Structures are given as C-alpha cells and as structure tokens.
Amino acid sequence: MTSSDPDVTLMLRVRDGDTEALRELIERHQRAVINTIHRAIGDAWEAEDLAQRVFLQVYRSSKRYKPTAKFTTWLFTITRNTILNEHRRRNRHPADSLDALQEPRDEDGAGWQAPDSNVRDPAQAAVERELQEKITQAIRELPEAQRTAVILCRYEGLSYEEIATVLGCSVSATKSLLHRARQTLKEKLRGYY
Amino acid sequence: MSCQRVRNQFDARLDGRLTASEQAAFDAHLIGCADCRSEWGAYSGVWQMLGRDEGIEPSIGFAERTLRRLNEPPVVVHGWAWGRPLRWAALAASIIALGVGAWSRHERMLDQKRAEVYARMRQADYLEDYDVIANLDKLKEDHSL
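Order-wise, the sequence lines are chains C and F. Here the first sequence is numbered in my numbering, starting from -19 and rising by one per residue. Here the second sequence is numbered in my numbering, starting from 4 and rising by one per residue.
No wet-lab data here; the hints were simulated from the structure. Worth double-checking, as some hints may not be accurate.
Quick look at which bits of chain C chain F covers, simulated, 3 or more residues with Cβ under 8 Å [as the list claims (entries may be wrong)]:
no.	region
1	-16 to -4
2	0 to 12
3	24 to 37
4	46 to 60
5	103 to 112
6	115 to 128
Small disclaimer: the values here were computed from a predicted structure and weren't measured. Note that CB positions come from ideal geometry on N, CA and C, so glycine has one too.
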C-alpha cells in the first residue's frame, strides 16, 4: 500500500503527531464508522461514543501503524473489535444495555436525525420508518460474522478480500457468510419486497 | 445454463463479479425461466431493500469532541482475555483450599481418636496379661480398638 492513498498519507502524519490530520481522517470516515456501529448495536448515542473510541484507538495505535493494507480495512477491524467488546460488556452487565436501548426522541418522535429522504406524505413516512426498523432489526439479529459481512459489503462497499481481512477468515468463508446472511434476510423480510 | 448453476451465481451477480459473458448467460436464463426469475427477484429484492436504510448523520462537532478526548486514559476492557482464566483459577484455588481444609480436619480427628485409644490402652491392665495378649479376645471386647 503506497502513499498514493490519501488515507495512508493522513495516517502517516497522525503517526508523526499531527492532530489536524487525525481530524481530517475523522471527518472522512466518521459517518461510515458511526453507522457501522449503529447498525450493529442499535443505539445512536452509544454508536457515537463507541465511534469516538475507535478513532482514539486509531490515534493510540498510530505509532505502530504500517501501511500494509488499505486504511479502511484497518479502521473497520478496529471498529469490529470495538463492537465485539461492547457486546461482551452488555452480556456481563445487561441492566446497562436496557438504558442504552432508549433512543433519544425529538418532539415529533422521529428519533436520531436521518438524512432527508424527500418523503412528504406522513403516512408514507411512517411506513418507510417501519420498513427501515424491520431492516435494521433483521440485520441486528444475524450472527455477528454474517452481520459484519453484510454491513461492510452492502453499506461500505468493501470487497470480499477486505471483508475477509476484517473478519480474519478466508475469502471463500466470507462468500459463504454473505450467502447465508442473504438467505436469512430473504426469509425475515419476506413480504416487504 | 442449468437452474442450479444460475442460482449458484446469485451472489456473484449481486456483487458484480460475473464476467460479461457470464452475465449475458445469466440474464438469458432468467428470461426463459419463471422459477429462477422469481427466486432472483426475491434474492436481489431484499438486497436492494437494505439500501433504503440510509443511516444516520454524525452529530455536529463529532470530530471536535473526539479530539478533545485524545488525552483521556484508554478504556480498560476489564482484561477480557484474562477474565475467564482468572475465574477458573479462583475456582480451582477454592476447591483446593476446601480440600486441604477437609483433609486437615480429618487428620485432626484421626489424631484425636488415636490419642483416646492410646489413653484407654494405657489404663487397660489386661494388656499386661500374657494370656490376654495371646488370644486378643479381651481386646476385641473393647470396640475402640
């Protein structure tokens, strides 16, 4: 991996202590990291808190950083490990996770700010919101490796090879995970497509 | 192309990994096969539907808040790599401690028993009688031995 990758260039500057380079990395990847976590754990506030920890880990690991792979592969590996740690923590302290399930609500009850989808009809908006909740719930119920593979493939556009690196498995195992996940989602969301 | 082969290519087709000729053969099969067309519709439809989850936007100032945390100490994930072995070690130590305690108590009881028996033997005059010692009948009457 060469310095023609702008993320690698920025990361090498972070390694030298450049916090402005870190800011730029955060701004480039914050949405991807926050949403990867949010799709896995379901709470927007906690997703941001955990995303911050991901970037703090990036900073703390910067002295050991070597550009042997794409930066995003390394970033999503840290993200996945952070999610796994959070799941373990919730399993040890289930009472904490009950509080975490309370999503913040605004006055309209719309919850965390989603991008404007140009849906003007309130009834249609309600149907759309229900559908999105069904989708996120179905993804969240997948086994961890399948869920991670789906999120990284469908939403972050990672290749099989990159996903395999994040998951620590082979490319053929990654294909198998995706196939099983798609079959499961097809059954869970039957009637919605 | 057989239906099985086409269905085995669903993932590759979804992920854009078919060559141009493979894709042409795939599409041609779907045109002529209602079952595969229906299966493909379901398989690709759910994958497309996932795209309707557009995600959330980071809150304003996320980067700034993150940078302000740079100097805080790292979160200790309470030795998750050590937690389970430590718990097993503690359990093993407890069992060993209980075992040692029980054995020690048993030994003390045995010692006390022996002391009582020896005390009775010292007081038993018949132990100086050769006839008694020879047949041990008298000793058997003392169930303590």
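Within 8 Å of chain F's CB atoms, at least three CB atoms from the region 0 to 12 of chain C: coverage verdict:
With 6 residues close enough to chain F, the hint holds.
Mind checking, does the region -16 to -4 of chain C have 3 or more residues with a CB under 8 Å from chain F?
violated (count 0)
Are there three or more residues in the region 103 to 112 of chain C whose C-beta lies closer than 8 Å to some C-beta of chain F?
Coverage by chain F holds here, the residue count being 3 at a Cβ distance below 8 Å.
Quick one: see if chain F covers the region 24 to 37 of chain C, three-plus residues with Cβ-Cβ under 8 Å.
It holds, with 9 qualifying residues against the three required.
Counting residues of the region 115 to 128 of chain C whose CB is closer than 8 Å to a CB in chain F, do you get three or more?
Holds, because 3 residues of the region 115 to 128 of chain C bring their Cβ atoms closer than 8 Å to Cβ atoms of chain F.
Examine the region 46 to 60 of chain C: at least three residues should have C-beta closer than 8 Å to a C-beta of chain F.
Coverage by chain F is violated here, the residue count being 0 at a Cβ distance below 8 Å.
Taken one by one, the earlier hints fail for this structure at numbers 1, 4, listed in ascending order.
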